[in-house]
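Chemist: Residue strings, one per chain:
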Amino acid sequence: MSYRLQRMPVAAPSVLFAARVLSVILALLTAAVVLALSGKDPVALGGKVLSSTFGSSFGLEDLSLLFSPLLYCGLAVAVGLRIGAWNIGAEGQFNLGAFAATGVALFVPGPTWLLVPLMALTGMAGGALWILIPTLAKAYADVSELITTLLMNFVALLLVYWVATGPWLDPSGMALATTARLSVSVPYVWGIVHWGLPVALMLAIGLAVMFAYTRWGYEVRIGGGNPGAAAYAGMPVQRHVIIVMLMSGAIAGLGGMMEVAGTVGRLQGGISNNYGYLGIMVAVLARAAPLGVIATAFFMAVILNGGIVLQSQGLTTHTVLAVTGLILFYAAIADEVARYRLIPTTGKVTPKGAR
Amino acid sequence: MISTKSLSRRGFLNMGAAAGASLILPKTGVIKPAYAAGPLAPVAEADAHIAFGHTGPTSDEGWTWAHDQGMKAVEAAFPALRTSYVESIPYSADATRIFRQFVADDACMVFATSNYGDFLYDVAKRAPDVAFYECDGRNPMDNLGTYYVAHWYPSYVAGIAAGAMSKTGKLGYVASFPVPSVYSGTNAFLMGARTVNPEATLQSIVINSWFDPQAATQAGVALIDAGCDVLFGIMDEAGYLQVAEERGAKAVMWNTDLRRYGPNAYISSIMVDFGPWYVEQVRRRLAGEWTPTYDLLPFGAGVDVDAWGETVPADVAAKADAVKASILDGSFNPFMGEIKDSKGTIKVAAGQTMTEEELYHWNWSIEGVSGLDS
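Which chain is which? The protein sequence lines are V and C, in order. Residue numbers for the first sequence follow my numbering, so the first one is 1 and each next one is one higher. Residue numbers for the second sequence follow my numbering, so the first one is 1 and each next one is one higher.
Be a bit skeptical, because a hint or two may be false.
What the hints assert, rightly or not - Distance condition first, Cα-Cα at most 27 Å in a straight line; then the derived BS3-like pairs of lysine-lysine: (1) C:Lys72 / C:Lys170; (2) C:Lys72 / C:Lys319; (3) C:Lys343 / V:Lys40; (4) C:Lys170 / C:Lys347; (5) V:Lys48 / C:Lys170; (6) V:Lys48 / C:Lys340; (7) C:Lys72 / C:Lys340.
As the list claims (entries may be wrong) - Computed far set for chain C versus chain V, every beta-carbon distance over 12 Å: (8) Ala104; (9) Pro178; (10) Pro263.
Please keep in mind that the hints were generated in silico from the structure rather than gathered at the bench. All C-beta atoms, glycine included, are put in the ideal place defined by N, C-alpha and C.
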């Protein structure tokens, strides 16, 4: 008796989960071998990463502040994927959200309770505005959003660099290449962890509920899965594309607002810290499920924070990037492998379609 | 005004170097008396952990490499202590996480070799027992000092050679960000060049990074395409020197001797040496003498022009060397009025001389420099 591989259209959740766990273990083992070969003690380093990340309030604060922007960007990309749109521009929308919120903080006087919600709204509007042209181009002219959203990132980044070093430069001369410290900030919930995190978690749960239990969520899922069938069934696919993509941009923009007004306190180039691009990985690993994004964004935050701990232990950024890449690489392979199963082949030829 | 003069001067005199200038922080903003809390407690050498945070890789053969040499000097002077460093720290909340990690790892002294601003201050505020230094910093705190180099003098001297060797009278500058070190570098360089070529101008291109060899190379190509035949910049690596070598132009570099990347193009470099300064600060920290200082390493003791490149004519070198000698002996200060900004407004009146603080905080371009003022 011999065996052959069969590819399944979808992987069983239990198999997928097992494959994920196995992939992380394999990646860590590979990394451990590489570290041991380069003369480091992988067990001691691993222990250091865990104790520095989970063993102190400093570590948990850092982890939470990484978790929050990854959630926003992961959710932004995941929402887009639900309607079949690849939003590669979360990085730019994140920057624009930070930019718009900073504009409010710098030029609109008012109390914190009024300004923070107003900044959140303008941040969302900024993010949505930044994806508006790619959205309209996709909805009405069938222009691939992959390219248009990506290109808008560079414009957003240069815009932030320009205002932070030019018109909005801190006039005190105390800080270089950045705006003045914002007069209002997102209130803290624990230590230096601000409301950005709980809001992001609520957003993830809210989106999961909307996709699972509302007619709108159902139509979006169908429209993303098979636009032709959805249109044939009378669903307004074009309208859903527009609304969902604008939502995607708004979520990333809100993430940018929380980062500038909660974590960083000033607008400056580099504020996005690649969260927009990391969000793509978060969303893909979560298979665009909002609740899955919570898990994968947390996983990514642990990896990134671990990377920072490893750097302070004398590993170069290149080694850390390689380990990070390795884990994601294995995870991606595991996803694909989980779709295959081994089935025994008998000598008898099974006719097509027969069982 | 903060009276740090005696402190930092004493530090430099102890090192046997020329007196260092101390920096007075800008007139606006909150100025509080620093180190009101008194010196930090001594640390036994064997228990000490000294941490360095860098903006680029230590292999850059430039700025970060020079600071890494400083760390090696500390290791040689205090063999029992522990050092650690992190390279390529972005200007984002990741910087805060890395500096916090140093503190969590029991560092008693942390050097940020670039201006990380609030990303560093947020950590320093919550770690009052740790001594912090920020290179090119501007914010006094009880446990945070700043240090930098008076690079405008060697930039002026190199500018004289550049002006003499430029045929087009157009100088190019690869800038990181429109920040004071770039304003002072471009202005001083053009002022030097104009002593030999009064019609010279300087075009700068901002690439938003201190270490991005690809962008620096592209900027170098664009500047030469625009007619510039001598390039200067404030990059941590040799990218635009190689462009100048290929295109038959000249270049002045920063940080280290990079002539082997472009022997024909190389004019000189703004050389930095932080070693003795680092050793002195670590000694003060271990001995329980440390209070924050605001130090500017002076021309000739921490920052200098490199030996002239092989294609620099002898008479040009002699002329620049004579000016260098007159700056070093105090008989000449290049930064005297009248100086106009790029809009034609007189910013420094005739007869006035810019102070070291004004040079450190320089944030406007002189007439003839383009590409920085927005």
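Chemist: Looking back at the numbered hints, which does the structure fail to meet, lowest number first?
Modeler: Of the numbered hints given earlier, those the structure breaks are 1, 2, 3, 5, 6, 7, 8, 9, listed in rising order.
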